[in-house]
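Quick note, the sequences are listed as chains C and V, same order. Each residue of the first sequence is one higher than the one before, counting from 828 in this note's numbering. Each residue of the second sequence is one higher than the one before, counting from 828 in this note's numbering.
Since the hints were made in silico from the structure, they are not lab data. None of the values given here were measured: they were computed from a predicted structure. Wrong hints could be hidden among the right ones.
Facing chain V, according to a computed beta carbon distance under 10 Å, are these residues of chain C, among others [stated by the list, open to error]:
1. His848
2. Gly890
3. Gly891
4. Arg918
5. Thr922
Just so it is clear, CB atoms sit at the ideal spot from N, CA and C, and this is done for glycine as well.
There are 2 protein chains.
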Amino acid sequence: MMTKSSHVAATFAAKGDREIHIERVFSATRERVWSAFAEPDLIAQWWGRGNQLDVERWEFEVGGHWRFVEHHDDGVDGFEGRFREITPPERLIYTFDWDGMPAYVAIDIVTFEDLGDGRTMVVTDAQFHTPEERDGMLAPGAERGLKASYAALDALLARTG
Amino acid sequence: MMTKSSHVAATFAAKGDREIHIERVFSATRERVWSAFAEPDLIAQWWGRGNQLDVERWEFEVGGHWRFVEHHDDGVDGFEGRFREITPPERLIYTFDWDGMPAYVAIDIVTFEDLGDGRTMVVTDAQFHTPEERDGMLAPGAERGLKASYAALDALLARTG
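So here's chain C without its partners, still in its complex pose (with noise of 0.2 Å):
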């Protein structure tokens, strides 16, 4: 893995009682980050943790599902979802509902903001229906398993940039 120790360390707190605000900078300009979250063929690269993933479904457009799954040393998880706004290379919003706990849907509401300086802040506020559910997600796990993907996608960006 080629993550960069001067990289901004994610954020990654609660907010109010429903939500989850995460923010970590990317050594990569805004068009190149966005890409990374808008291409299936890149996706595929990050976001499960740097694990295989399979895009089952991909359909980028406002009311398009999405679905990925991956497979990890202790079997395979699916993720889907369906995607609210699409506005590049600005934000990105669409629902999330992981297999494990079907129908338990959070709202991701990912925002791009261009640092000038070549780099890019990636903040992601996820709304959840009730503060239980919120706190599920708050566990060293789900932390865990994000910052896994971040750094997967700071090594993506730093062999594609």
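Please build the complex by placing chain V on the supplied structure of chain C, with the hints as guidance.
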């Protein structure tokens, strides 16, 4: 339409700031009312306000998906979601997402109460992510649509009783 004036009118009311609480009594046993929510050939006869309803997807298991398309005078409307809980004949929990506002997902918690006199009360608690989304569903059209569907369900139960 074979609605009976003796039926208890539906309650359709705000609850807290992000929920809608709905109650409706049907003149049929709990098992028969459950079946009308669980069997796609029956659902098709009432869910779309009595209009033609295509059941495009019906995976009636936890984590399974459903998708209906209603054909009406002004065109078509698609609705879809995923099942969270199926506890016959007591409780059904699923997500609800309308194509017209995709990825604004509500959770419908539907409880079937045996009133002990051959009638059944269907109680629906619909949970929204934001107060604005909830208020949007309090519009007269949504309540009118639900009442028309419930009237079609009255008619179905009467002709199959």
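### Query
Checking against the hints above, which ones are violated?
Hint check: 1 and 4 fail, others pass.
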